[in-house]
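For the protein sequence lines, the chains are G and H, in the order given.
If you use the numbering used here, the first sequence corresponds to residues 1 to 368, in order.
If you use the numbering used here, the second sequence corresponds to residues 1 to 329, in order.
Simulated from the structure, these hints should not be mistaken for laboratory data.
Check each hint, because a few of them may be wrong.
[What the hints assert, rightly or not] Here are the computed lysine-lysine pairs in the DSS-like style, where the Cα-Cα straight-line distance is at most 25 Å:
id : chain 1 : residue 1 : chain 2 : residue 2
1  : G       : K155      : H       : K19
2  : H       : K127      : G       : K43
3  : H       : K19       : H       : K9
4  : G       : K249      : H       : K19
5  : H       : K22       : G       : K261
[Stated by the list, open to error] Selected chain G positions facing chain H (Cβ under 8 Å, derived; list incomplete):
id : residue
6  : I59
7  : S77
8  : N129
9  : F130
10 : I148
11 : V170
12 : V177
13 : I291
14 : Y295
15 : N296
16 : A309
17 : Y315
18 : T316
Glycine is no exception: its CB is placed at the ideal position from the N, C-alpha and C atoms.
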Amino acid sequence: MGNWLYEKVLPLLEYVPYVLLGCVCAALIAALIYALVRRSQKKPVQRFIRDTLWGYFFIFPWLVGICIFFLSGVADSLLYSFYNLKLDNGLQLIPLTGEDAMGNTVYTPLANYISVFNKELNYPVTLANFAVSLILQLPVIIAFSLIIALMLNGKIRGRGFFRTVFFLPVIIATGPVMNQLTAQGVSSVPMVSQNVITSVLAGMPEFISTPISDLFSQLILILWNSGIQILIFLAGLQKVPTAMYEAAKIDGASGWETFWKITLPTLRSMILLNSIYTVVTLATGSTNPIIDLIYNATYAVTKGYSYAAAMTWMYTVIVAILLLITFLIIREKKEKKSKDIWRRDVESAKRGMQSKKVRKLLERGKAA
Amino acid sequence: MSITDMELKEKAKAIRKEKFKKRMLGSADKRGLMMSLVVYVLLVTIAFIYLYPVLYMFSRSLMTRSDLLDASAKWLPSQITGKNYQDAILTLDYWNSLWKNLVLALVPTVCQVFICSMVGYGFARYKFPLKGFWMAVLILAFLLPTQVTSLPNYLTFSRLKLADGTVKPFVITAVLGQGFKSVLCVLIFYNFHRQTPQSLVEAAEIDGAGHFKAYWRIAVPLCTAAIVVVTLFSFVWYWNETTLVREYLGYGHTRAKGLTTLMIELQKFEDSYNTTFDARASSVTSTNKINDAIRMAGTMLAIAPLLILYFVLQKQFVESVDRAGITGE
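With these hints in hand, go ahead and build the complete structure from the sequences.
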């Protein structure tokens, strides 16, 4: 059973993207021929067919690319992680073997996944550390970039200058340059007295204090990572309708209230987008220790390609879980959120109902 | 009479006090001085934090050896020297690498902008079967770590003998919409083209323009802001990426001679310095030994083209960010 699975079924995975691409192409060619025939008969081509053809015309290069490179890459990497593959002299696809006492080949699925735990004793610890530092960094980056965006959005002198400076990290914050800077010790703010922080942290258990002290020692790096996030927030802030602010001002709302009641709720989707973006960039950036581990394992003699693929997939699952958590925390809770009876009424009116309270208010309004 | 005088005085005082308070703390319409002060102090501080590494790099790169050792010359070099830059230029083989790097960054960027704009338009404008599925794949491509696909891609390249140190693999991936962070570019364009009024495009079509002409003549000119943003971003991404570039160029395996980038040269800066100046042989006494100033000069040189480009495009960039709606809602 195992052998059959390994030799016949799993390798088929490799062909899935190409089959998909082939099917789409065949369907498109059929549609094209149909359209041409209709045209030669001087009959109008249906809008649906036309839109499909033109839509696929525009996305076609990408479609081919995503099938050849992305989808097949995903399939390959998943497939290879179940085999035993190395990158040394050329490429050899050796089916994963272990021999039992009788000399028969035994297929042990997940062998790579299990050996990650045996060979890479640091791996779970590194993963956990990464998760903790991510959870600590994320709110800092989001809050910081939101504050910067709010300040840049207001009426200030030298706005152009400040914007230029704040987008600078987008341009230069990258691997080698960052490494040079970290080596120079420029990555921490010189003015922050490290002693105060260390003395506070001394009383805490190690697994909390280490990430926090890391957070402070890498403050510049973290702040430098928030260039795109500031961009996203700024673009979001520009879309908040000014009429809303004016209405709030007339109703006598203070700036503080306006921020919490109008700005923040409208920015909610931006915050979600930013968080996801931050998690993804932090997780896949070249300064990430896990990416380094994976990269080294690929070319290591004792580990090899399949092993690295298994590591990558484990890592992907962890990142996916982190993303899911982020999403669940920040996503919009639609029904519960709206305390405003008028808005709730609009929602329920869509479903054909109108709340009693609103009906009463309306009647009173008519009477008056 | 004097009582009313007193009252008036009191009143005036109260009004003045009120005015002062208003000016300091602000009112509903205007921000007060205090608030402005806080905002400016914060902005300047953070701007300094942002500029600090660059300034540090720049001032260090101009220092002489004795200044580096002198603790009193932390910021301003006592004597400005250009020698570090000369050495760094030699080490990086600068003009040669710069030219190669420009080719390696510019050509794929142009392809990327062109293709991503088309793909974004296709997704934004038309309804077609499986559209939801392809959008989901697009998002998935953004979320999955590049490492998942980079290894099999590398194998595909080497099987097809593409990873030969030329610009070919970069162009092929970019033309097929799989360049560095293409997904983000597609999403930016998608979002932007969605805001283009449909009626404009449809009017052009009624006037007899084909679908592609409508895109080229109407939609593209309307999204110059997005084009500026995406061009700058892709150029920066192509310029700064190292791991993928090494794979595409076939480093570690078939690599012999060919294109290189300044970032890759920067990674092996110390080794190339030692070979260039033969510093290791006489390491103890040598005055040639590598120092921070030379390293910083090398780093400055590596990012100099980006800085120049940024300051040239800066105005358009900052303005278009406002309009580009980088955000996907």
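(message) Would the hint on F130 (chain G) be counted as holding, given a Cβ-Cβ threshold of 8 Å to chain H?
(response) Violated. Min distance 12 Å.
(request) Verify the interface restraint on S77 (chain G): the C-beta must sit less than 8 Å from at least one C-beta of chain H. (result) holds (5 Å)
(message) Next item in the hint list is I59 (chain G). Is there a CB on chain H closer than 8 Å to its CB?
(response) holds (4 Å)
(message) Hinted pair, alpha-carbon criterion (25 Å max): K127 (chain H), K43 (chain G). Please report holds or violated.
(response) holds (22 Å)
(message) Using the nearest Cβ pair, does V177 (chain G) come within less than 8 Å of chain H?
(response) Since the shortest Cβ distance to chain H is 6 Å, the answer is holds.
(message) Under 8 Å is the threshold here; is the Cβ of I291 (chain G) close enough to any Cβ of chain H for the hint to stand?
(response) holds (6 Å)
(request) For the pair we were handed, K155 (chain G) and K19 (chain H), check the Cα-Cα distance against 25 Å. (result) Roughly 22 Å between the alpha carbons, so the hint for K155 (chain G) and K19 (chain H) holds.
(request) Identify whether the interface hint at V170 (chain G) stands, where standing means a beta carbon of chain H within less than 8 Å of its own. (result) Given a least distance of 7 Å, the restraint on V170 (chain G) holds.
(request) Verify the proposed pairing of K19 (chain H) with K9 (chain H), using a straight-line Cα cut of 25 Å. (result) holds (15 Å)
(request) May I ask you to test the interface hint for I148 (chain G) with respect to chain H, counting a Cβ-Cβ separation under 8 Å as satisfied? (result) Nearest chain H Cβ about 7 Å off; hint holds.
(message) Given the hinted pair K22 (chain H) and K261 (chain G), is their Cα-Cα distance within 25 Å?
(response) holds (24 Å)
(request) Using Cβ atoms only, decide whether A309 (chain G) comes closer than 8 Å to chain H, and label the hint accordingly. (result) A309 (chain G) check passes; min Cβ-Cβ to chain H is 7 Å, inside 8 Å.
Checked against the numbered hints given earlier, this structure breaks hints 8, 9 and 15; the rest are met.
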